Every structure is written in C-alpha cells, then in structure tokens.
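Here is what each chain is made of, one letter per residue.
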Amino acid sequence: MPPERAWRSGRGGAHMRLRGLVRKEFLQILRDPSSIAIAFVMPVVLLLLFGYGVSMDARHVPLAMVVEQPDADTAGLVGAFGNTEYFHPIAMPDMRSAERAMLAGRVSGIVHLRADFSRRLHSAGGAPIQLILNGVDANYARLIQGYVQGVWGAWLTQRARLQGARLPLAVDLQPRVWFNGNFRSRDYLVPGLIVVIMTLIGALLTALVMAREWERGTMEALLVTPVRMREILIGKLIPYFVLGMGGMALSVAMAVWLFQVPLRGSLWVLTLSSALFLGAALGMGLLISITARNQFVAGLLAIITTFLPAFILSGFIFDIGSMPTVVQWITRLMAARYFVAILQTSFLAGDVWPVLLPNALALMGMAVIFLGLSRRRARKRLE
Amino acid sequence: MTAARRILALTIKEFLALMKDRFSRVVVVVPPLLQTLAFGYAASFDLNHVPFAVYDEDGGAGARELVARFAAAPAFQQRAVIHRHADIRPLIDNRKVLMVLHIGPQFGRRLALGEPAPLQIVIDGRNSNTAAIALNYARSIVTGFNRQWAADRGRGGPPAFVEARAWFNPNLESRWFFVPGIIGLLTLVVTMMVTALSVAREREQGTFDQLLVTPMRPAEILVGKALPGLIIGVLEGAVITLIAVYWFQVPLLGSLTALFVGLCLFLLSAIGIGLMISSLSVTLQQALLGAFLFLVPAVILSGFATPIANMPEAVQLLTYANPLRYFVVVLRGVFLQGAPFGLLVGQFWPMAVIGLVTLTAAGWLFRRRMH
Amino acid sequence: MIVAAAAPAPASGTDLVLRLSGVDKRFGKPPHVVQALHGVDLEVRRGRVTGLIGPDGAGKTTLMRIASGLLTPERGAVQALGFDAARQSLQVQSRVGYMPQRFGLYEDLSVQENLDLYADLQGVAPTARAPRYRELMHMTGLASFTRRLAGRLSGGMKQKLGLACTLVHPPELLLLDEPTVGVDPVSRRELWQIVYRLVREQSMTVLLSTAYLDEAERCAEVILLHEGRVLGHGAPGDFSQPLTGRSFRVTAPDIGKRALQARLGTKPGVVDAVIQGEHVRVVLDAGTAQHPNALPRDLPGATIKPVPPRFEDAFVTMIRGDRPGRPVEVPAMTGAANTDGTVIQVRHLDRRFGDFYAVRDLSFDVRRGEVFGLLGANGAGKSTTFRMLCGLLPASGGRLSVAGVDLRTASATARARIGYMSQKFSLYGNLSVHQNLRFFASAYGLTGRSHRQRIDAALTGFELEGYRDTESQTLPLGYKQRLALACALLHQPDILFLDEPTSGVDPLARREFWARIGALAEGGVTVLVTTHFMEEAEYCDRMAIMAAGRILALGTPEQIKARARGAAKPEPGEETTMEDAFIALIEAAKRQETQTDAA
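Residue numbers (our numbering), protein chains in the order written: chain G, 4 to 386; chain X, 192 to 562; chain Z, 8 to 606.
To be clear, the hints were calculated from the coordinates, so they are not data collected in a lab.
Bear in mind the structure is a predicted one, so any value in this text is a computation, not a measurement.
One or more hints might be untrue.
[Said to hold, decoys possible] Listed below are the simulated EDC-like cross-link pairs for lysine to aspartate or glutamate, each with C-alpha atoms no more than 20 Å apart in a straight line: (1) Z:Lys431 x X:Glu395; (2) Z:Lys274 x Z:Asp292; (3) Z:Lys36 x X:Asp212; (4) X:Lys287 x G:Asp322; (5) Z:Lys597 x Z:Asp587; (6) Z:Lys431 x G:Glu218; (7) X:Lys211 x Z:Glu478; (8) X:Lys287 x X:Asp247; (9) X:Lys211 x Z:Asp476; (10) X:Lys287 x G:Asp354; (11) Z:Lys36 x Z:Glu81; (12) Z:Lys312 x Z:Glu285; (13) Z:Lys597 x Z:Glu197; (14) Z:Lys312 x Z:Asp292; (15) Z:Lys431 x Z:Asp63; (16) Z:Lys36 x Z:Asp476; (17) Z:Lys274 x Z:Asp305.
[Unchecked claim] So, partial list: chain G residues that the calculated Cβ filter (under 10 Å) puts toward chain Z: (18) Arg20; (19) Gly23; (20) Gln31; (21) Asp35; (22) Leu225.
No residue lacks a Cβ here, since even glycine has one placed at the ideal position from N, Cα and C.
Using the sequences and the accompanying hints, generate a full structural model.
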C-alpha cells in the first residue's frame with residue numbers, strides 16, 4: 004500500500020482536494036468570459052441604466068392652466084405654479100382643449116380656475132382650485148396632487164405675509180423627513196437595485212454550473228475520485244462567492260461615487276451582510292442546479308424564481324407592510340426582502356442594529372437552508 | 192398548402208416537446224398564474240396600516256381630536272404613545288413606526304387663539320416614495336380637520352382650497368394601475384422562456400441541423416417556432432385578464448378586440464426577440480444570459496412601475512425599442528380609459544415594426560449562425 | 008447451444024480484486040422499469056486485463072458504475088478491493104481509477120491543469136507529482152502538449168489524457184468504460200500498449216468494456232454480458248474454440264461482394280455473413296458446417312475455404328442464439344432514378360476557421376448508387392466536409408455540388424431529395440417514436456395516404472412497432488439509430504448522408520444497419536457515409552481516407568490496401584486489414600512531413 008495513503012484520507016487531503024476544485028473553477032471562469040461578464044459587466048450596465056433611468060421624482064410635470072377670467076389674484080396663483088421646479092404650467096384657453104391635451108397625454112393634469120374665482124376668494128366659503136388628474140397612474144396622480152397642495156400652501160403663506168394677516172389655518176403641518184430630506188428617490192432605489200441585480204447574478208452564476216457538469220459528463224469523473232460531495236459544493240461556491248462579492252463591491256462603489264448615495268453605515272456591516280446574502284442567493288442557484296440536472300429546466304426555473312419576485316416582492320419599490328398578510332408571508336421566502344431592508348438602512352440610516360440584526364439572521368437562516376438542502380439533494384451517486 | 196402542413200407539424204412537435212416534460216409543463220403554467228395573484232396584491236403604492244406613534248405634549252381636546260382622525264384612517268395605525276422626545280429616534284430608526292406625530296405644548300392655546308398650531312410629523316425617509324405618499328395622506332387628514340374646525344367655529348377658512356378629481360380612477364386605486372401591467376410582465380416572461388431557449392436547445396441536441404436539411408424554408412421554421420409561444424402567450428394573457436377583471440375587480444372599459452390585437456402584436460415582438468437571442472446563442476447558458484439581459488431592462492424601463500416621463504432623455508430614447516413600453520400603454524388604455532382602437536394605433540405599429548424586424552433577423556440567423 | 012464457458016477456477020481471496028454476486032439493478036419507476044442487471048455474478052482477478060463485452064444496452068456501463076460505487080444495486084453484494092462498494096464507496100474510490108465514456112476531461116482546462124486537478128482530488132503528494140507527471144506524459148506522448156487546452160486535442164489525445172488523469176495516483180483497479188470509442192486505430196493501438204505496460208510493470212488490474220470485438224481477443228479474460236446477464240466468462244479462445252470448423256471464407260469474383268453477402272446471409276444454416284475484403288466470411292450452424300461445399304453451389308464461380316474462428320464469430324453466435332440472421336426488410340425505393348452519372352462533385356474544397364484549415368483542397372466525385380465512405384479519426388475534417396455538402400456550413404473556397412446544386416443556396420425542393428442522419432442520431436428526445444416519425448414525415452412534405460403509409464412502412468420495416476409509443480430518449484442506442492435512419496428515409500431520398508451512423512452501436516446493430524444501406528445502394532440510392540470504424544470501410548464501394556483536413560488516399564478498399572502495402576513492409580501470409588492500411592498511410596504521411604520539414 005502506498006505510504007501516502009494515511010495522509011490522503013486526512014485533513015491535508017481534504018484541503019488539497021478543495022484547493023484543486025477551487026482552482027479548476029477559477030480557471031474555467033477565466034476561460035469563459037461570460038461568467039465575468041455576468042459578475043462585472045451586468046451590474047455596471049444595469050446600474051447605469053436604472054440609476055439614471057428609474058426615478059419616482061416628477062419634475063417639470065406639464066400642467067394645463069385654464070383660467071376663465073385672469074386678474075391679479077389668479078396671476079399670483081399661476082405664478083406660484085411657475086415658480087416650482089415640479090411643474091411646467093401651460094396656459095390653455097378653455098377646458099375643451101385642456102381635456103383633449105390630457106387625453107392625448109400632453110399634460111398630466113388640469114388646474115381650472117372658474118370665472119368667479121376672485122369673487123369667491125373673498126367670500127366665506129373660499130374659492131375652489133379645481134384640479135383634474137389622469138388617474139390611470141394612480142401613484143403619479145397622487146404625487147401631483149401632493150405637489151399641488153404644496154404650491155397651494157406656499158401661495159397661502161405668501162399671500163398672508165403680503166397682507167400682513169395670519170395664516171388662516173388651524174393646524175399647520177410641518178413635516179420633518181429623516182434620512183432623505185429632499186425625497187431623492189435615487190437614494191433608496193439604488194440600494195434596492197443592487198439587491199435585484201445581485202439576486203440575478205447569484206442565480207445566473209450557479210444555476211447552470213452543476214447541470215453543466217452533469218451534461219458534459221465530467222461529474223461522473225469527479226464522483227469516482229475520493230472527493231466528498233461537500234467538497235464539490237464548497238469548491239463551486241467559493242469562486243462564485245468571490246466573483247459575486249467583487250460585483251457587489253463594484254455596485255457599492257458606483258452607488259457612492261457615481262450616484263452620490265450617502266453610505267452612513269459601516270463598511271464591515273455591509274460586507275458581512277452582503278456575504279450572508281450571497282450565501283443565500285448562490286445557495287438557491289445551486290439548489291436549482293442540483294434539482295434540475297438539465298440546463299434547460301434549470302434555466303426556466305432561474306428565470307421564473309428570481310427576477311420578478313425580487314423586483315416586486317422584496318420591498319424594493321412596493322411597501323411590504325401594506326400588502327395583505329398572505330402575500331407578506333410569501334415575501335418572507337425572498338432573501339432579497341431582508342437584504343433590501345439591510346441595504347436601505349445601512350446606506351441611509353446607519354448601523355441600526357435592531358433592523359440589521361433580525362434581517363441578517365434571516366439571511367443566514369436562508370443561506371443555511373438552501374445550502375443544507377443542496378447538500379442533502381446532491382448525492383454522491385448517479386441516480 | 193404543404194407549407195401550412197409542415198408548419199402545423201412543427202408547431203405540434205414544439206408543443207409536444209414542451210408539454211410532455213412534466214417539469215417544463217408545470218413551470219410554464221403554474222408559476223405565472225400564482226405570481227399573478229401574489230403580484231396583484233403586492234404591486235401597489237396604496238398604503239395600509241402605516242404604523243405611527245404619538246408624542247402629545249399638549250393633551251388638550253383639539254390634539255386628541257386630531258390624533259383620533261389619524262387613528263381612524265385606514266391608511267394609518269397607531270402603535271405607540273410616547274412621552275419623551277428621546278423616544279422618537281429609536282422608534283423610527285428601528286422601523287417600529289414610519290412616522291411620529293409630535294404635538295407641542297402650545298398646541299391647544301394657539302388653536303384657541305386662532306393662530307396656526309404646528310403639528311410636527313417626523314417621518315422615515317428611507318423609502319422616500321412611501322414617505323411622500325404617507326405625508327400626502329397626513330396632509331389630507333389635516334386639511335379635513337382644518338375645514339371642520341373652521342366650520343364649527345364659524346371662522347373663515349383659507350381663501351381658496353384645492354378640489355381634486357381624477358379621471359378614470361376616481362379613488363386613485365394603485366391596483367388598477369398595476370394589475371393590467373402585470374398581464375404584460377408575465378406574458379413577456381412566459382414567451383421568453385418558451386422561445387429564447389428553444390433554438391439554442393435544438394442546437395445543443397443537434398436536431399436543428401436535421402430541421403435545416405428538410406425542405407422546410409427558414410420562414411416556415413420561424414412560423415412553426417413562433418406559434419407555440421404565441422398560443423401559450425395568448426392563452427395565459429386571457430387567463431390573467433380574467434383574474435384581473437373577476438378577482439381584482441379592475442374595470443375593463445375598452446374593447447377586447449383592441450386588447451387582443453395589442454396582445455398578439457406584443458407577443459410577436461417578444462417572440463422575435465426571443466428567437467433572435469436563441470439563434471445568436473451557441474449554448475443554453477448564453478441564451479439564458481441573453482434572455483435576462485433583455486428581460487430586466489425591458490421590465491424596468493417599461494413604465495410599469497416608474498413613469499417613463501421621469502427618465503432622462505437618453506434613457507427615454509432607449510425605451511422606444513422596448514415592446515413592453517407600448518403594450519403597457521395599450522393595457523391601461525383599454526382597461527381604465529376605454530380607449531378605442533383608433534387611439535391605440537400609435538402603440539400598435541411600433542410593436543409590429545419591432546416584431547417584423549426581430550423575426551426577420553431571427554430567420555436570417557437560423558442559416559448563418561452555425562459552426 | 009450457448010457456450011457458457013466455465014468460470015476459471017475460484018481464485019484465492021487475495022487474488023480477487025472485484026467480486027459481484029447476485030447483483031440486480033433497476034432504473035425508472037413503474038410502469039417504465041428497465042432491468043439493467045439481472046443476478047450478475049462475476050469475479051475479476053488481480054494483475055489481468057478483463058474485457059467486459061456485450062451489445063449495446065447489455066448493462067456494461069451500469070456494471071462499471073456499480074463497481075466504482077457510483078450506483079448502488081437493489082440486490083446483491085459488490086466487493087471491490089476488499090471493501091463493500093455500496094457502503095464504503097469512498098474507500099473504494101480512493102483506490103480505483105475510473106475513466107467514464109467521455110473521458111471526464113474539462114475541455115476548457117489545459118492538459119497540465121487537468122492533471123493538477125485530478126492529482127489534487129486523488130491526494131497525490133506534491134513531491135511525488137513531478138516524476139509522476141513526467142512518467143505519464145512520456146507514456147502517453149503528451150509531453151509537448153501540456154499547455155494546450157484539452158478541448159483542442161484530437162480524440163486519441165483526449166483519450167490518453169483521460170487515462171493519464173485516472174492514473175495520476177496509481178490505482179489498484181483500473182476501470183475503463185469504452186475507452187476506444189471514437190478514436191482512430193493508431194491511438195487505439197497505443198492505448199492497448201499502455202494498458203499492457205501498466206499490467207506488466209505495475210501489476211495493475213484492468214476491467215475494460217468495449218464494443219470492438221477485435222479488442223476482446225487482446226484481453227486475458229472476457230466476460231460476455233447480454234441483456235443484463237452474464238453469458239460467459241473465460242479466455243477469448245475458450246469462446247471461439249467451439250466454433251472451430253464452422254467459420255469459412257466465400258469468394259465469388261463474378262458476384263458483387265454486397266450481393267454475395269446478401270444472398271449468403273439469407274441461406275438456411277448460415278448464422279452470420281460479413282464482408283471481409285474481397286470475401287464474405289460466414290459462420291455456419293453445426294449441421295451445415297459438415298458439408299460446407301454444398302453452400303455456394305448455386306453461386307456461380309464461388310469457392311469456400313475454412314478459416315480459424317475468431318471471437319466475433321462466437322459473440323454473434325451466442326447473442327443470436329444460433330438463429331440465423333433474418334433478412335433485413337428495406338422499405339421499397341421508388342424515388343431513385345436509374346441513370347448513371349456523378350451525383351456529388353467536390354473540387355478544391357476549403358474550410359477555414361480563423362487561420363486553421365479544417366478541410367483543405369478536397370476533391371472527389373460520388374456516382375449514383377455508390378456507397379462512398381469518408382474515413383478518418385476524430386478531427387480529420389470528415390464532419391466539416393459533410394456539413395458543407397449538406398449545406399449546413401458555407402465553404403471558404405472551392406466548388407461543390409450535390410445533384411447539380413449547392414444545397415446551401417438550393418431551393419427547398421432540392422433538399423427534399425436528400426436524407427440526412429447526424430452523428431448523435433438527432434431525435435426529439437421526449438417525443439415518442441411515432442411522434443418523431445410523424446413530425447419528420449410532415450417536415451418532408453408527405454401528406455394524406457402516403458404520410459400514413461410511409462410511417463407504417465417505417466415502423467414495420469425497421470421493426471419499431473414494439474416501441475411505437477416509447478420516448479425516443481429511452482430507446483436503446485441501436486433502436487435510436489434505426490429510428491434516425493427511418494426518419495431520414497421517410498421521403499425516399501435519392502441521396503443519403505450518414506454522419507458516423509454506427510458510433511457506439513454494437514456489432515449486431517451495425518450488421519443490420521449495413522445490410523439496409525447495402526440494399527438501398529442496390530436500389531440506386533447514393534450513400535455518403537463517414538465513419539471511424541475501419542472495418543466498415545469494407546462495406547463501401549469507394550472511400551477517401553482523411554487526416555488533418557486532407558485526403559490521404561482515395562479509391563476502392565482494395566486499391567487503398569494495395570497502396571498501403573506499398574507504403575508499409577508487407578507481412579507475408581497475413582491479410583492486410585483496413586486498419587493496418589490506415590495506420591500505414593498515416594505513418595507514411597508523417598514520415599513525408601518530417602522529410603519535408605527537414606528539407
């Protein structure tokens with residue numbers, strides 16, 4: 004019996020096998036640039052596209068202004084609309100043309116001041132500022148309504164000051180917006196986009212790797228060596244983990260330096276939670292890959308389970324707290340949900356442990372479950 | 192005639208190949224329908240039960256009435272009452288509440304004097320969109336309170352007030368906006384799954400060569416490959432439409448003809464892109480990557496969730512190449528606005544052009560790309 | 008009579024390396040259960056080469072996988088190197104070397120990187136590596152290619168690298184699953200030399216499965232496996248011994264060899280008839296063999312001569328159970344016109360990929376009704392030529408025409424005249440046999456009654472009725488091949504393109520296949536076929552031997568053998584086989600190359 008036998012079955016052997024597998028995977032990644040493209044080119048392109056492209060902030064909303072009888076009072080109000088960057092007022096002669104413009108999508112709302120506006124301004128009941136909105140995009144309509152209310156408030160204050168009168172309001176609402184005083188939607192969208200992109204990368208990198216080895220017949224050759232399944236899986240995870248962390252670092256750098264999103268939390272917390280998230284994302288890809296054993300089905304599964312759920316159910320855009328309870332339970336199955344919470348807090352609020360800790364624990368739990376299931380389902384047998 | 196038979200044979204074969212495999216049959220049918228339900232509920236900007244806390248330093252009747260109005264609104268839910276200023280920060284930081292109503296000690300006195308009494312609302316701006324919406328809700332509650340207060344005391348209110356009214360969606364229900372869009376989203380994903388991997392898979396298995404040496408013309412292969420995606424897409428689109436109308440109660444005002452013409456044109460353009468990706472790819476991995484690289488921007492830059500008008504010019508130009516952009520307009524137009532056929536032609540022809548170009552390119556690539 | 012050659016005397020415990028007793032293995036769930044192994048008992052002894060021989064679907068690969076602990080049997084015990092392969096698979100796997108069918112190489116890694124990976128996985132001590140690598144690279148002749156990507160190696164080199172990787176830590180038991188499939192004869196010879204050196208110098212035990220029956224004779228012991236059962240176990244000679252006096256060679260210069268074979272094959276008393284050079288080799292049943300001269304009486308000018316039996320005779324006899332081969336039914340060919348003339352014309356054909364010439368300056372003609380073979384190792388340029396002829400790949404230079412047109416630009420109707428069968432029997436795997444046939448019939452434009460009739464004819468003619476509703480991916484390989492051929496013939500083409508039609512298919516299925524092709528050619532169909540089985544060249548009317556994208560020799564099999572005899576030292580008394588001819592031609596070409604390099 005060869006003298007090295009004892010050594011081969013010991014810890015050193017496991018170490019050597021793992022090192023061999025990791026090196027092999029890295030070399031394969033280097034040879035096939037598509038993995039590198041997934042990890043590094045995709046985040047750059049998508050972040051650029053979305054960081055600049057996706058925004059909830061309406062600016063210069065075209066608004067039709069129909070003033071039936073222009074005078075000094077209406078001029079003041081119309082001027083107030085012109086003074087904010089939110090609106091781009093367009094004067095229209097009558098309601099008919101304004102309505103046509105709105106149906107055609109040329110304006111997003113109509114401000115209508117009736118002929119008796121100035122008269123009623125001084126009456127007890129007050130004068131109505133009629134606002135007609137296109138309700139198809141309800142959110143956009145709400146946003147415009149809010150902006151109009153803002154303009155109206157500013158106009159009232161201005162008017163009261165000019166007349167030396169008190170503001171005729173019982174309660175004056177004074178909002179204090181923490182973390183993002185200017186309502187820059189990019190500041191919360193960019194961290195969310197990073198999550199969506201990392202979910203895709205995690206799934207794409209690993210969903211096909213095991214299926215590919217089965218289809219190319221190399222898995223059989225690996226399995227007859229003294230290697231353990233555990234080592235094969237870890238050997239797959241390490242390189243893609245490194246690649247994923249690289250992509251993550253790139254995304255964070257772009258967020259901070261290109262999009263000027265403040266990073267108030269500490270870097271090590273971000274790194275650690277990213278690692279946990281990647282563990283869960285790669286684990287899920289691996290599980291898909293092991294379950295499918297066939298690249299076609301693995302591909303279908305990867306498409307259906309990652310992108311849209313991460314986009315809609317993660318809390319990235321839509322508020323989870325407002326969803327029905329059943330759907331809220333479904334969101335608990337998304338690793339992306341926890342990572343969105345962590346990233347938004349970490350970027351905008353800082354190291355708030357009561358938020359970070361439970362979410363990080365959930366991520367860890369998901370990583371353990373996915374990797375554990377992968378380990379269970381991957382048999383060192385051919386059946 | 193023989194061409195039609197050949198196409199029919201290929202279509203049947205594609206269906207059999209897809210539907211005989213238990214796994215792919217399930218994947219193509221079940222998740223999209225489940226996702227329709229989940230997303231239909233999830234995709235909404237309407238806020239419910241937004242948690243808030245009250246820090247009332249005044250305690251007078253006016254303050255209590257104002258707080259009661261907040262507590263009664265379905266959008267809000269009172270979670271805590273605090274007595275120290277220092278308690279605000281942990282509540283917001285830890286996301287226990289989204290906002291804190293802070294009523295100062297002078298509130299009741301100023302109210303009685305007729306001076307504007309300040310109501311401070313501290314709100315978590317981490318999700319600035321949610322914060323803005325919640326503030327809008329708060330603002331309308333305060334406005335209502337002010338009017339009531341003035342009316343009760345016979346005092347003059349503000350000289351003017353905003354009287355808003357919305358067309359097509361009087362209650363501004365966010366769900367009416369998103370559910371029609373989901374039809375576009377999910378049919379896009381399904382057709383991409385069916386088409387983007389189909390040619391790449393035949394290439395890997397070697398059957399595509401077999402197909403090319405038969406007397407079938409590339410155009411026939413193209414049609415045969417496109418039909419299953421079209422049929423599956425139309426069927427699923429129809430089912431999701433039914434769910435939208437009968438489950439989510441979204442009004443369907445326009446003509447079904449316009450809806451289905453739009454759906455078919457949209458599916459054709461999506462199939463064209465899917466087949467193009469498929470015939471450009473040598474391996475399944477490349478086809479999968481291509482499908483993702485198209486799907487992700489197509490969804491995000493479609494106007495489904497965020498208005499195209501908010502995007503910078505350059506990105507807006509990009510969206511013109513995105514068929515989903517047009518279909519989302521068609522869907523919302525037909526559902527909510529009852530848009531007649533004629534008004535939607537401007538959305539139909541760009542989809543037809545995209546479909547024509549991509550399908551032609553795919554057919555051309557069938558013969559070129561093979562080494 | 009079944010020759011159940013008695014197993015050799017029971018070996019002592021230490022001498023036994025592998026022992027299976029009562030092993031059953033099933034796949035699938037009811038009602039689609041396939042019983043791969045049926046109560047298999049066998050023993051493999053130390054320091055020998057044992058061959059595992061059997062037709063396709065016999066269970067060879069399953070047996071290999073069970074022996075290496077990759078599969079667990081439902082019933083029975085497997086002892087490998089003193090361990091229970093089912094429960095102590097890790098111990099077994101650190102002591103055996105196993106090379107799976109596709110060699111298990113990472114094609115995107117270099118030769119050295121593949122070696123390093125397997126050295127790491129096998130736990131070879133770093134200090135031991137350098138000498139081990141040197142030894143392996145010297146042995147396999149890969150020393151000057153260590154930096155090349157495995158995917159860029161030729162088939163033979165891949166196979167040797169696969170072997171080197173399994174040997175990186177010297178195993179006690181070496182399992183090779185069809186190591187010589189898809190590899191050219193030169194490489195096959197070299198592989199056998201390596202295997203014997205290992206057995207001789209390191210007293211390694213080798214279990215090797217193969218579909219090449221001539222390789223069985225190189226084994227010390229042979230286990231014959233059929234339908235999951237062991238039919239026999241013994242030295243190769245033990246198998247052929249009982250057939251002494253039943254093997255003959257028939258020569259009839261006046262009748263074409265294919266016609267002669269067809270007529271002999273259907274005679275009562277003939278168990279097997281195959282073309283061998285200019286002759287037809289027959290195996291007769293015991294009764295007929297008493298009076299061999301009576302056999303060719305009705306064949307003008309025929310002579311019959313006894314020859315020593317070989318393993319293949321025994322194999323065919325045992326598997327067929329002494330039943331004579333049934334005449335193969337070929338669906339009637341009506342489409343082929345009877346005019347003579349050139350059907351395929353190739354002139355100075357080139358195909359470049361980058362700056363690499365896959366095919367260079369190729370010229371040949373194929374006449375109507377001819378079986379024309381393109382022979383060569385993997386990577387010789389056969390498939391590239393083939394794809395250009397079918398119009399699947401544009402040529403970089405030169406001219407080609409098939410039935411007067413270039414199929415790449417030809418109309419759809421011109422394509423309706425050709426039938427095509429690709430390398431991997433490209434069928435739609437999850438469609439049933441009938442659904443595949445129906446699809447291809449429609450794709451070729453058959454309609455109505457002829458649609459139904461042709462499909463029925465194909466189902467009966469190719470004996471596929473029993474599998475009518477079976478998914479084609481679960482068919483045994485031989486049946487897949489039949490179905491692929493049936494699909495290619497549905498529309499009665501005049502020209503048939505066959506790319507490696509017999510790769511991986513067992514000898515019985517190959518016989519049947521060639522009988523069909525022969526009958527088709529007799530009916531006027533032109534056949535162009537690529538193969539790397541040199542023995543199959545005997546079935547061709549004319550052929551071209553290709554290497555490195557060029558034609559080395561072009562002509563009838565006899566002409567090529569004659570040329571080779573001129574090139575190599577003729578060995579008196581022994582008949583030159585096509586394999587010898589091929590090796591001689593390759594070596595001559597290499598010599599010429601080195602001479603020109605030197606000059």
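To see whether the hints hold, each was checked on the structure:
1. Z:Lys431 x X:Glu395: Given pair Lys431 of chain Z, Glu395 of chain X holds - Cα atoms ~11 Å apart, limit 20 Å.
2. Z:Lys274 x Z:Asp292: holds (11 Å)
3. Z:Lys36 x X:Asp212: holds (16 Å)
4. X:Lys287 x G:Asp322: holds (14 Å)
5. Z:Lys597 x Z:Asp587: holds (15 Å)
6. Z:Lys431 x G:Glu218: The hint holds at about 14 Å.
7. X:Lys211 x Z:Glu478: holds (10 Å)
8. X:Lys287 x X:Asp247: Roughly 18 Å separates the two Cα atoms, so the pair holds.
9. X:Lys211 x Z:Asp476: holds (13 Å)
10. X:Lys287 x G:Asp354: holds (16 Å)
11. Z:Lys36 x Z:Glu81: holds (13 Å)
12. Z:Lys312 x Z:Glu285: holds (13 Å)
13. Z:Lys597 x Z:Glu197: holds (16 Å)
14. Z:Lys312 x Z:Asp292: Holds, because 16 Å separates the two Cα atoms, which is no more than 20 Å.
15. Z:Lys431 x Z:Asp63: Distance of about 15 Å is within 20 Å: holds.
16. Z:Lys36 x Z:Asp476: holds (17 Å)
17. Z:Lys274 x Z:Asp305: Holds. Lys274 of chain Z to Asp305 of chain Z sits at ~11 Å (cutoff 20 Å).
18. Arg20: Interface hint status for Arg20 of chain G: holds (5 Å vs cutoff 10 Å).
19. Gly23: OK, holds: Gly23 of chain G within 10 Å of chain Z, min 2 Å.
20. Gln31: holds (5 Å)
21. Asp35: Asp35 of chain G check passes; min Cβ-Cβ to chain Z is 6 Å, inside 10 Å.
22. Leu225: holds (7 Å)
Consistency note: the structure conflicts with none of the earlier hints.
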